[in-house]
Each structure stands twice: as structure tokens, then as C-alpha cells.
Amino acid sequence: MAHAAVLISGDRGDNEQDLVARVRRGDREAEYALYQRHAGKVHRLVFRLCADEDLANDLTQDAFVRAFSRLDLFRGDATFGTWIHRIAVNLTLNAKRSEQRRARWLAPIDDSIAAPVREQLDHDLVQSLEQAVDALTDGQREVFLMHTFEGYTHVEIGEILGISEGTSKGRLFHARARLRQLLARFAPE
Amino acid sequence: MNDEQLDQLLDTARPQFRVPPEPAQLDMIWERISAARHPAPVRRPVHQLPWMRWAGVAAALVLAFSLGRLTTATPAPSTPAPPSTSVVAAGEQPVAAAATELLGETVVLLSALHEGQATELPDRAFAQQAGLLLGTTRLLIDSRVAERDPALKSLLQDLELVLAQLARLRTGEAHGELQLINDALQEQDIVPRIRSVAAGLSAGAD
Numbered sequence: 001m002a003h004a005a006v007l008i009s010g011d012r013g014d015n016e017q018d019l020v021a022r023v024r025r026g027d028r029e030a031e032y033a034l035y036q037r038h039a040g041k042v043h044r045l046v047f048r049l050c051a052d053e054d055l056a057n058d059l060t061q062d063a064f065v066r067a068f069s070r071l072d073l074f075r076g077d078a079t080f081g082t083w084i085h086r087i088a089v090n091l092t093l094n095a096k097r098s099e100q101r102r103a104r105w106l107a108p109i110d111d112s113i114a115a116p117v118r119e120q121l122d123h124d125l126v127q128s129l130e131q132a133v134d135a136l137t138d139g140q141r142e143v144f145l146m147h148t149f150e151g152y153t154h155v156e157i158g159e160i161l162g163i164s165e166g167t168s169k170g171r172l173f174h175a176r177a178r179l180r181q182l183l184a185r186f187a188p189e
Numbered sequence: 190m191n192d193e194q195l196d197q198l199l200d201t202a203r204p205q206f207r208v209p210p211e212p213a214q215l216d217m218i219w220e221r222i223s224a225a226r227h228p229a230p231v232r233r234p235v236h237q238l239p240w241m242r243w244a245g246v247a248a249a250l251v252l253a254f255s256l257g258r259l260t261t262a263t264p265a266p267s268t269p270a271p272p273s274t275s276v277v278a279a280g281e282q283p284v285a286a287a288a289t290e291l292l293g294e295t296v297v298l299l300s301a302l303h304e305g306q307a308t309e310l311p312d313r314a315f316a317q318q319a320g321l322l323l324g325t326t327r328l329l330i331d332s333r334v335a336e337r338d339p340a341l342k343s344l345l346q347d348l349e350l351v352l353a354q355l356a357r358l359r360t361g362e363a364h365g366e367l368q369l370i371n372d373a374l375q376e377q378d379i380v381p382r383i384r385s386v387a388a389g390l391s392a393g394a395d
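Protein chains in written order, with my numbering: chain V, 1 to 189; chain G, 190 to 395.
In short, the hints are calculated from the structure, not lab data. Beta carbons: idealized from backbone N, C-alpha and C, even for Gly. A couple of the hints might just be wrong.
[Unchecked claim] Derived list of chain G stretches under chain V, where covered just means 3 residues or more per stretch with a C-beta under 8 Å from a C-beta of chain V:
hint : segment
1    : 196–206
2    : 216–226
3    : 325–338
[Claimed, not checked] As a list, the in silico EDC-like pairs of lysine to aspartate or glutamate whose alpha-carbon atoms are at most 16 Å apart:
hint : chain 1 : residue 1 : chain 2 : residue 2
4    : V       : Lys41     : G       : Glu211
5    : V       : Lys96     : V       : Asp54
6    : V       : Lys96     : V       : Asp138
7    : V       : Lys41     : V       : Glu150
8    : V       : Lys96     : V       : Asp52
9    : V       : Lys41     : G       : Asp216
10   : G       : Lys342    : G       : Asp331
11   : V       : Lys169    : G       : Asp192
12   : V       : Lys96     : V       : Asp134
[Stated by the list, open to error] Computed Cβ-Cβ distance ranges for the label pairs, DEER-style:
hint : chain 1 : residue 1 : chain 2 : residue 2 : range
13   : G       : Pro210    : V       : Asp124    : 20 to 26 Å
14   : V       : Gly40     : G       : Asp331    : 25 to 31 Å
15   : G       : Arg333    : V       : Ala177    : 46 to 52 Å
16   : G       : Asn371    : V       : Lys169    : 47 to 53 Å
17   : V       : Leu71     : G       : Pro283    : 15 to 21 Å
18   : V       : Asp72     : G       : Arg203    : 36 to 42 Å
19   : V       : Arg75     : G       : Pro283    : 24 to 30 Å
20   : G       : Asp372    : V       : Phe173    : 42 to 48 Å
21   : G       : Gln375    : V       : Asn15     : 49 to 55 Å
22   : G       : Arg337    : V       : Phe173    : 47 to 53 Å
23   : G       : Asn371    : V       : Tyr32     : 34 to 40 Å
With the rest of the complex left out, here is chain V (with noise of 0.2 Å):
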């Protein structure tokens, strides 16, 4: 638990809770601070969770936006890295459920949905790979993301999603399982 807190506040030595404090006071040097403390690592888990770069920058902006106009409602449960890390992938799947509900609008024809998503895998493992991930429910790809390609451990990943540590275990457990079945042509001989 203490290695999560410190891996997810990214503390290099200086005080973070004095960080948010001379933010609230309206000190710019504290919000870019903040910023450069966890921006590369927020970032990197967007653009994980959305794989489009320029929706990753419009979404890492808005979260450090929100985070900074809305600091009054943090009031320190939790590391100010682990909240700015829950706006962003609340944002992150916001986005992302608006642009499936606008993709449905705009293809009402496309069987996607209906066809088996294993006919549909392409001989490329790493397509294949976008694919079956994109199969799996959005609980089950965050957790599958941020554990497997990011290293969050299931401590952390239920600091950031409001998770217990098991309902992460579990939802990583079901996204395997799921893509040993998607991706069982690539089965290694």
C-alpha cells in the first residue's frame, strides 16, 4: 500500500500536500509542479486507454483543468496523483463511450456487434490485439491496460478506478481468459 501511494503521487522529496496548497492559494509554480510531476504518466495511460494521441492531449489537458478549477472538492483521502490519474480515466472512458454511442449512430448497419469477434480478427497479431481488446468490457480493458502495459499493480489500479484490490485481480483474471479465446490462432506452436 505505501509503495502504491508513493508510485502514484510520484514523490521525488518535495511536499505534495504543499503543492496543492500553494495551488489553492493561486500559485502558478505549484500547478506546474504538479503538472510536470504527473502529466507524463497520466498521459501515458490515456493515450493507453484511448490509442489516439490527440484525444490523449485534449483529455490530459482537461483532466489538469479540472483537477486545478475543482481542487476545492480535494479534500486529501487519497494523493493528489491518484486523483488526478481517476479524472482522467473517468474522462479517458467518457470519450471514449461517446464516441462508440456516436460510431453506433452513424453505422446502425455495421454488424459488428452481431458477427463473432473472432471471425473478425485480423492475421496481424497486433491488430488482432486492438481487437480483442476492444472486445473486452470497459472494466476488464482498463484493468487488463493498466496492469499489463503500464505496470500498475492491482493495489493502485483500485486507488484510481475505486476498486478493490480483488475486483481488479478478478476483471484482469476475466480479461485473459477472454483473450486467450480471441487470440487463440496466435497460440505459439
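Go by the hints and put chain G onto chain V.
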């Protein structure tokens, strides 16, 4: 396939799967955040856009001028836009001024879109400007001035969607998107509502 085989596959795909971009863009993102958080001292690159050189005119003049141009080409709404009920408290005048400025700059942007759509698609600078305005719009949505003025809040929420779409326009892929945006502008009576809300803000500030 077993777990070990899946791990092998993932290791194979890892170098090419959703590889995060280099963090060089973080400075650009910070500039946008800073502009959204502290709009007054930061000069936005409006004057750098080729079709918006006249945007240096005072915001009120631009607003009035542009509204006149736009509304001549826009069919009258079937129902008049509800009047803004803004009453600006003394301490909120800077926010109201920022809202007025935002509306003016948004109209400038929409004018550029309106003028350019027949001949050329917006370039990347256009999308960046929309991104800057989007950040300010989102801040204003949460402001007390917007809380007090439902017409302003509703307008800002609609502008948020339009600006988000404009901010994501890609040169060369934008024809279909532009049509959707223009449809949204028409259906939601965006321009007449900007006029009504801007008038309300001006009256409230008096």
C-alpha cells in the same frame, strides 16, 4: 491457449501495441492548460491565423460585426432564443468579461469556418484555437455566472460540444465532420443564442 502462451504473445506485441508518443507534447499541453486556467495574461494565437487577422479588433466590435455577418446567412429560428437572465455581481464581472470575450472569439472562429467551408478546410491552427476556447468554455461552465444564468450555461454546454468537434478536426478528413458541426450549429440556434446571451451579459454588467 494457456497463460504462458498468452504472455508470450503479449510480449511479442508489446513493442508495437499502442506505444505512447514521446512526451515532447507535454509542454504544448501545459501551454493549453495555462491558457485555460489563466486566460487574461496569455496571448492566444488568434492573430497568427491567416483568416483571422482582423480579430484584433475589440471583442465587442468583432462580436457585433460577426453576428451581423452570420445572421444574414442563417435562417431565422422557429422560436426566438430565450433572453439571458444574467445579473452579474460585482465580484463576478471579470468572469462575465471573460465569457463575453469567449463568445466573441467563438463567433470569430465560427465566422472563419463559415467563410472557409466552401473553399478550404480548416488547418491545424484552427483546431488548436478551438482547443484553447474549449478549455475556457469548460471553466466557464463551472462558474457562478453560468450557474446563475441557465441560458449562458446551456449555451456553453452546446459550445463545448461544437468546439470539441472543431478541436479534433483533421485536415483532409473533415468534410463529413464539418457537415455534422454545421448541422449542429443550425439545429441548436447557436448564433442567435450567442447574441442573446452576450446582450444579457452586457446588460448585466452595466
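The hints, checked one at a time:
With 8 residues having a Cβ less than 8 Å from any Cβ of chain V, the segment 196–206 of chain G passes the three-residue criterion, so the hint holds. Coverage of a stretch by a chain is defined here by at least three residues with a beta carbon nearer than 8 Å to that chain's beta carbons; for the segment 216–226 of chain G and chain V the count is 8, and the condition holds. Against chain V, the segment 325–338 of chain G contributes 3 residues with a C-beta closer than 8 Å to a partner C-beta. That satisfies the three-residue criterion, and the hint holds. Between Lys41 (chain V) and Glu211 (chain G) the alpha-carbon distance is near 12 Å, which keeps this suggested pair within the 16 Å criterion.
Simply put, Lys96 (chain V) and Asp54 (chain V) have alpha-carbon atoms about 13 Å apart, close enough for the 16 Å limit, and the pair holds. Using a Cα cut-off of 16 Å, the hinted pair Lys96 (chain V) and Asp138 (chain V) holds, with the two alpha carbons roughly 9 Å apart. At roughly 9 Å between alpha-carbon atoms, Lys41 (chain V) and Glu150 (chain V) fall within 16 Å of each other, so this suggested pair holds. Restraint check for Lys96 (chain V) and Asp52 (chain V): satisfied, since their Cα atoms lie roughly 10 Å apart, inside the 16 Å limit.
Between Lys41 (chain V) and Asp216 (chain G) the CA atoms are separated by roughly 14 Å; this keeps the pair inside 16 Å, and the hint holds. In summary, the hint linking Lys342 (chain G) to Asp331 (chain G) is supported, as the alpha carbons are separated by about 9 Å, within the 16 Å threshold. Our distance criterion of 16 Å between C-alpha atoms is met by Lys169 (chain V) and Asp192 (chain G), whose separation comes to about 15 Å. Between Lys96 (chain V) and Asp134 (chain V) the CA atoms are separated by roughly 11 Å; this keeps the pair inside 16 Å, and the hint holds.
Between Pro210 (chain G) and Asp124 (chain V) the CB atoms are about 21 Å apart, so this pair conforms to the stated range of 20 to 26 Å. At roughly 26 Å, the beta carbons of Gly40 (chain V) and Asp331 (chain G) sit within the given window of 25 to 31 Å. Take Arg333 (chain G) and Ala177 (chain V): their Cβ atoms lie about 50 Å apart, and the range 46 to 52 Å holds. Remark: the range hint 47 to 53 Å for Asn371 (chain G) to Lys169 (chain V) is upheld by a beta-carbon distance near 49 Å.
The hinted window of 15 to 21 Å between Leu71 (chain V) and Pro283 (chain G) holds, with their beta carbons roughly 19 Å apart. About 41 Å separates the C-beta atoms of Asp72 (chain V) and Arg203 (chain G), a value consistent with the hinted range of 36 to 42 Å. Checked against the hint of 24 to 30 Å, the pair Arg75 (chain V) and Pro283 (chain G) passes, with Cβ atoms roughly 28 Å apart. Range check, Asp372 (chain G) to Phe173 (chain V): about 45 Å between beta-carbon atoms, so the 42 to 48 Å window is met.
About 53 Å separates the C-beta atoms of Gln375 (chain G) and Asn15 (chain V), a value consistent with the hinted range of 49 to 55 Å. Range check, Arg337 (chain G) to Phe173 (chain V): about 50 Å between beta-carbon atoms, so the 47 to 53 Å window is met. Between Asn371 (chain G) and Tyr32 (chain V) the CB atoms are about 38 Å apart, so this pair conforms to the stated range of 34 to 40 Å.
When the structure is compared with the earlier hints, no violation turns up for any of them.
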